[in-house]
Amino acid sequence: MSDEIPYSKKGQRKVSAFVGQELLYDYMTGALDSDRKKAVEDYLHSNREAYSDIQKIQHGMNYVEMLGATQVSEALLEKIKMPTSYLQGLLQKIDFDEWSPGFKLAIEASVVALGVVAIAILMPWNRMTIFRGDSKDMVLSELSKKYDTKSNSEKEAVFKDDTTFPDEESGDHSETSVVAVTSSSTTTSLVVAKSPTEKSAKENNAAAVPPIPPADEDKTTAADSKRQGFLYRGSIEITNVQAVTPKLVDKVSELGGRKAGNVELGWSRGSGAYFHLTIPELKYEELKAAFSQYGELKITKEKHDRVMPEGIIRIIITVEEKK
Amino acid sequence: MIQVDVKSMALFFFFAFLDEKRAIEAASESVEFYRKKISKNPQLKSTVALVSVTKQIWEKQSGHFVRGRPNYSPESGWLLPAGIDMGPWKEFQKLAQEDEFICLIWSRILKISDEDISLGLGVSVGTLRYRIGRALRKLGGISNPVSTKSSPGLNVVPT
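If you read the protein sequences in the order shown, they are chains A and B. Residue numbering for the first sequence follows the working numbering, starting at 293 and increasing by one per position. Residue numbering for the second sequence follows the working numbering, starting at 2 and increasing by one per position.
Don't read these hints as lab results, they were simulated from the structure. The structure displayed is predicted, hence computed values, not measured ones. Mixed in with the good hints, there may be bad ones.
Taking lysine-lysine pairs in the DSS-like style, the calculated list, with each CA pair at most 30 Å apart, reads [as the list claims (entries may be wrong)]:
| no. | chain 1 | residue 1 | chain 2 | residue 2 |
| --- | --- | --- | --- | --- |
| 1 | B | Lys56 | A | Lys385 |
| 2 | A | Lys396 | B | Lys38 |
| 3 | B | Lys56 | A | Lys396 |
| 4 | A | Lys373 | B | Lys95 |
| 5 | A | Lys580 | A | Lys539 |
| 6 | B | Lys41 | B | Lys61 |
| 7 | B | Lys37 | B | Lys8 |
| 8 | A | Lys385 | B | Lys91 |
| 9 | B | Lys41 | B | Lys91 |
| 10 | A | Lys385 | B | Lys61 |
| 11 | B | Lys37 | A | Lys330 |
| 12 | B | Lys95 | A | Lys615 |
| 13 | B | Lys41 | B | Lys56 |
| 14 | A | Lys396 | A | Lys373 |
| 15 | B | Lys46 | A | Lys373 |
| 16 | B | Lys41 | A | Lys371 |
| 17 | B | Lys91 | A | Lys373 |
| 18 | A | Lys539 | A | Lys590 |
| 19 | A | Lys396 | B | Lys95 |
| 20 | B | Lys56 | B | Lys46 |
| 21 | A | Lys373 | B | Lys22 |
| 22 | A | Lys543 | A | Lys575 |
| 23 | B | Lys22 | A | Lys371 |
| 24 | B | Lys41 | B | Lys95 |
| 25 | B | Lys95 | A | Lys385 |
| 26 | A | Lys580 | A | Lys615 |
| 27 | B | Lys91 | B | Lys56 |
| 28 | A | Lys373 | B | Lys61 |
| 29 | A | Lys306 | B | Lys91 |
| 30 | B | Lys8 | A | Lys396 |
| 31 | A | Lys593 | A | Lys614 |
| 32 | B | Lys91 | A | Lys371 |
| 33 | B | Lys61 | B | Lys37 |
| 34 | B | Lys61 | A | Lys396 |
| 35 | A | Lys330 | B | Lys112 |
| 36 | B | Lys38 | A | Lys385 |
| 37 | A | Lys615 | B | Lys56 |
| 38 | A | Lys385 | B | Lys37 |
Given the sequences, and given the hints that come with them, work out the whole structure.
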């Protein structure tokens, strides 16, 4: 009894397997007092599992002892001591982490706001088709109107050579007229309204009454009414516009082009010129080639309310002085 | 900043990640955190600050890290002892619980005292030693598997 460690009043209690397991590392490192050390040794003698564990711990300690001899090169140490990026170095210099969260948030918000403003200013909004007025046409209502089919004297051609269209660039549209004459027994006509912009309102003078084909061309006109109208819109930058414009006017006339608006072909507009014309579709490529001699002609085909007669196209080309 | 502390951080993250790129990034970040911590509290013991900082960075970066995919080369700047087999450590790093193997690095590889580690981690010394014991048992099993039927007899001398 005197040799036993008095773990309990009876002095019979030994170290349990659970406690013994947890004391093994302390035993290996000499962290136990003499009584506990003796108790763990007794436990080890009676438990083969524990003996195996203590060998594992010893192997583990030997292995990490070897790992502990790992060295780090001077170059690597220097690399680690250097800031990883310029931004990191800058933030470190100005003690960015020490700044108050509110101040940091204000700076971040300012940067974002500046970015948004820069995008809003620099973005070429007017070049984006989605923001153009053309797409804002609306059909307000469809009206029925019956025309007198007997009055043949009222029959006229829809588009004559002297048909004029509103110029988009000039201010005077008072003489704009479109011959829209009735004749057939068709009873449907369409009223088209545009968004209430000044430009659109001016165009409405001409667009409000769409052309109605003559009775003797019923088949053709029915097809026409279903066709989609187009407008060719182009721009070109030319050196010495004043000298080149007369040549272009001559060339357009030579190709059969005629003024479509109220202003003459090659109408002088500031330092540039303005061409609003109709031309046989077959001559379109030649016309492009004629303009392209003097610069890069950018031309787009846009949908338009007005349907041109078969084989005729309408073109607006703005000529600017090259900078 | 003492060179030894930088070396300890480099070693800690090397053995923790076994990925040289991550280790360098984490060690660089730790150096900056460590500088700030020491400048804020000059009385703080360097090893305690080191444990605290490396734990903080480890927790921050280990979330995006998959263990068991070593990525380092002999030219990376960590000079391993000649003839050492890294296989057991790779296996251990893959299998061991996180708290076990990082405690083992601090205690047995960086040789930081248990008291300083426990202060840096905010756990008791007993808890720390329990974790280290478990870790060593696992690592020893991997590095040199011992049969449970080996002959009894105590021939291990406590250190």
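Going through the hints against the structure:
1. Lys56/B x Lys385/A: 24 Å, holds
2. Lys396/A x Lys38/B: 21 Å, holds
3. Lys56/B x Lys396/A: Roughly 26 Å between the alpha carbons, so the hint for lysine 56/B and lysine 396/A holds.
4. Lys373/A x Lys95/B: Holds, because 29 Å separates the two Cα atoms, which is no more than 30 Å.
5. Lys580/A x Lys539/A: 14 Å, holds
6. Lys41/B x Lys61/B: Holds: lysine 41/B and lysine 61/B sit about 21 Å apart, inside 30 Å.
7. Lys37/B x Lys8/B: 18 Å, holds
8. Lys385/A x Lys91/B: Answer violated: lysine 385/A to lysine 91/B is near 38 Å, above 30 Å.
9. Lys41/B x Lys91/B: Violated, because 37 Å separates the two Cα atoms, which is more than 30 Å.
10. Lys385/A x Lys61/B: With a Cα-Cα distance of about 23 Å, the restraint between lysine 385/A and lysine 61/B holds, given a limit of 30 Å.
11. Lys37/B x Lys330/A: 47 Å, violated
12. Lys95/B x Lys615/A: This hinted pair is violated, its Cα atoms lying about 68 Å apart.
13. Lys41/B x Lys56/B: Distance of about 18 Å is within 30 Å: holds.
14. Lys396/A x Lys373/A: 26 Å, holds
15. Lys46/B x Lys373/A: 20 Å, holds
16. Lys41/B x Lys371/A: Since the Cα atoms of lysine 41/B and lysine 371/A sit roughly 24 Å apart, the hinted pair holds (cutoff 30 Å).
17. Lys91/B x Lys373/A: Given that 30 Å is the threshold and the Cα spacing comes to 27 Å, the pair holds.
18. Lys539/A x Lys590/A: This hinted pair holds, its Cα atoms lying about 19 Å apart.
19. Lys396/A x Lys95/B: 39 Å, violated
20. Lys56/B x Lys46/B: Within the cut-off at roughly 16 Å; holds.
21. Lys373/A x Lys22/B: Between lysine 373/A and lysine 22/B the Cα gap is close to 15 Å, so the pair holds against 30 Å.
22. Lys543/A x Lys575/A: 11 Å, holds
23. Lys22/B x Lys371/A: 12 Å, holds
24. Lys41/B x Lys95/B: At roughly 36 Å apart (the allowed maximum being 30 Å), lysine 95/B and lysine 41/B break the hint.
25. Lys95/B x Lys385/A: 38 Å, violated
26. Lys580/A x Lys615/A: 22 Å, holds
27. Lys91/B x Lys56/B: Roughly 20 Å between the alpha carbons, so the hint for lysine 91/B and lysine 56/B holds.
28. Lys373/A x Lys61/B: 19 Å, holds
29. Lys306/A x Lys91/B: The hint is violated at about 38 Å.
30. Lys8/B x Lys396/A: Distance ~33 Å between lysine 8/B and lysine 396/A Cα, so the pair is violated.
31. Lys593/A x Lys614/A: Measuring from Cα to Cα gives roughly 23 Å; hence the hint holds.
32. Lys91/B x Lys371/A: Distance ~25 Å between lysine 91/B and lysine 371/A Cα, so the pair holds.
33. Lys61/B x Lys37/B: 17 Å, holds
34. Lys61/B x Lys396/A: Roughly 21 Å between the alpha carbons, so the hint for lysine 61/B and lysine 396/A holds.
35. Lys330/A x Lys112/B: 27 Å, holds
36. Lys38/B x Lys385/A: 16 Å, holds
37. Lys615/A x Lys56/B: It is violated: about 64 Å lies between the C-alpha atoms, which goes past 30 Å.
38. Lys385/A x Lys37/B: With a Cα-Cα distance of about 12 Å, the restraint between lysine 385/A and lysine 37/B holds, given a limit of 30 Å.
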